Amino acid sequence: MSLDTTRIAYATIVRKEVSRFMRIWQQTLMPPVITTSLYFVIFGNLIGPRIGSMEGFRYMDFIVPGLILMSVITNAYSNVSSSFFGAKFQRSIEELQVSPTPNWVILAGYVTGGMVRGLLVGLVVTIVALMFSRLRLHSVPVALSVILLTAMLFSLAGFINGLFARNFDDVSIIPTFVLTPLIYLGGVFYTINLLPPFWQTVSHVNPILYMINGFRYGFIGISDIGLGLSFAIAVTFIVVLFGASLYLLERGYGIRD
Amino acid sequence: MTAALSIENLEKRYANGVEALKGISLEVRDGDFFGLLGKNGAGKSTAIGIICSLINKTRGKVRIFGIDIDRDFPGAKACLGVVPQEMNFSVFETPLQIVLNQAGYYGIPRRIAAERAERYLKHLDLWDKRNGISRELSGGMKRRLMIARALMHEPSLLILDEPTAGVDIEIRRSMWEFIRSINNVGTTIILTTHYLEEAESLCRNIAIIDEGEIVENTSTRQLLSKLQREVYVLDLQKPLRELPEFGRGRWRLTDPTTLEVDISKEQGLNGVFRQLNAREIRVQSMRNKSNRLEQLFLDTVNREERRES
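Just so you know, the sequences run in chain order A and B.
With our numbering, the residue at position 155 of the first sequence is 155, and numbering never jumps.
With our numbering, the residue at position 11 of the second sequence is 1011, and numbering never jumps.
Careful: at least some of the hints might be erroneous.
Examples of chain B residues lying across from chain A (beta carbon under 7 Å, computed) [what the hints assert, rightly or not]:
id, residue
1, I1048
2, C1079
3, S1090
4, Q1102
5, K1122
6, Y1232
7, L1234
8, N1277
9, A1278
Rough simulated footprint, nothing fancy, chain B against chain A, three-plus residues with beta-carbon under 8 Å [claimed, not checked]:
id, region
10, 85-92
11, 121-129
12, 232-243
Since the hints were derived computationally from the structure, they do not count as laboratory data.
All values reported here derive from a predicted model rather than from experimental measurement.
The C-beta atom is built at its ideal place from N, Cα and C for all residues, glycine as well.
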């Protein structure tokens, strides 16, 4: 395929993915907004004042970056895993398989679709957060690059989940039993400096910790982790997951006998 | 002249050990209307799945217009359009979205895709339904939608896997005309079907696949010339109480006004009518009991089964 035809194929997949989640916006965009609004009300307004400050910041201001990133992670992931599995289930993935679209374009298209949904939900949650918190941005480039890398990373992870999934349960198991615990233990609601040394060390195994702290740095200028390490971890995971996804696609894992 | 499709020693062994294809070889000429026939599970869909990259082959070569799928699968796929046996589009999308997206996957600009979408959806009587949800289309409409979708990139080779299954006779006939018109402008067509009258009417060449092997591969005319016997059903003017004594041929009285007779190729119909006239039996109408190709297909497949046993 020439560069131009590749661009058209990529744009088609992205358009299809975006129109898919926009068509069912009540299921894709509204729930995270309601969930994070409840977090803001309960943890920020009701419990937050009793906690006081965290690392010198109002508790509400401390948790906002983590909550935004949480919605980005879950939505980017679930968009790609459910959309790709849905295409497998309905066999509409065959439309792409029989076409000359290269596998890397298929992957890029689905990942972009997941990123768009994650970032759109993140934007809406940020707007909601403005009602509860005085948002400020310490470093726009850091915040933007962390949120983009995170959306990409979890879209790729969702793609692999979609490839392996054989039924609808397989699509929900990883978010429920792996992703959610990792997010909650990744420092959304606390700084790991509060933890005993042993659990601080254990927390460093959690990749989400690096992203949340990187994003928090972009907002309020503090992080439990070095910024360079946050970026290095995100980029490393992206490279590994992209390579793994492409390898599985080339082999036809889960989509070709 | 380069063949539209060339298959050499194609083998497929599934993970469960089932040998779906046992080294088949096949060539389909450019511009041909080719029928690939076989019982359920004979290996037709496996072969098609390999050609269009839905199934990994175990061994063998596949070339589409000379392009080896192992070397340049995207290049080969660009020449290929597929109408699968089962529905494989998102039922939540509209017919227009489905065909436009398919064009996009082949890198066709939106403006050209929109023109083609209108042309093919109109040809296939789907234009009025273009903005409805595909889930709400009838079975026949869904099949026509898959044909429109497969034509969006104007492929040189079109594979139709049971395209008229479950479609009523009127729509089936109009689909035949449409498929014929596509073939007439130079598109090579490979058709699999369970309606053997469809294959007899449309295909110039036919291959019969049985248990993963090609057991016949010739022109439709030559294939039909191999038919050794045909069964005719005769509707009689007056009822008969019992089967009279006839000479050659196998006769059966299925009810008082219906006679069936097996006629061999060398026997011909004149002899049959002579025998009937001699006994003053008048025939009101006559028809083939089964389609000629159907009879031949059953003979071929049964012969292979007998040979194996």
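Original post:
Is the interface hint for A1278 (chain B) satisfied, with its Cβ closer than 7 Å to some Cβ of chain A?
Top reply: 61 Å, violated
**OP:** Let me know if the C-beta of C1079 (chain B) comes in closer than 7 Å to any C-beta of chain A, holds or violated.
**Re:** 9 Å, violated
**OP:** Tell me if chain B covers the region 121-129 of chain A under the three-residue, 8 Å CB rule, please?
**Re:** violated (count 0)
Subject >> Outcome, coverage hint (the region 85-92 of chain A, chain B; C-beta under 8 Å; three residues) >> reply: holds (count 5)
**OP:** Verify the interface restraint on Y1232 (chain B): the C-beta must sit less than 7 Å from at least one C-beta of chain A.
**Re:** Y1232 (chain B) check fails; min Cβ-Cβ to chain A is 44 Å, beyond 7 Å.
Subject >> Satisfaction of the K1122 (chain B) interface hint, Cβ to chain A closer than 7 Å >> reply: 22 Å, violated
Subject >> Hint check: 7 Å Cβ-Cβ cutoff, I1048 (chain B) to chain A >> reply: 10 Å, violated
Original post:
For the region 232-243 of chain A, do three or more residues have a beta carbon lying closer than 8 Å to a beta carbon of chain B?
Top reply: violated (count 0)
Original post:
Should the hint that L1234 (chain B) touches chain A count as held when the rule is a Cβ pair under 7 Å?
Top reply: 48 Å, violated
Subject >> Interface hint for S1090 (chain B), Cβ within 7 Å of any Cβ on chain A >> reply: Cβ of S1090 (chain B) sits 4 Å from chain A, so the hint holds.
Original post:
Is the interface hint for N1277 (chain B) satisfied, with its Cβ closer than 7 Å to some Cβ of chain A?
Top reply: With Cβ-Cβ at 59 Å, over 7 Å, it is violated.
**OP:** Tell me if Q1102 (chain B) is really an interface residue toward chain A, meaning its C-beta lies closer than 7 Å to one of theirs.
**Re:** 6 Å, holds
Hint violations for this structure: numbers 1, 2, 5, 6, 7, 8, 9, 11, 12, all remaining hints satisfied.
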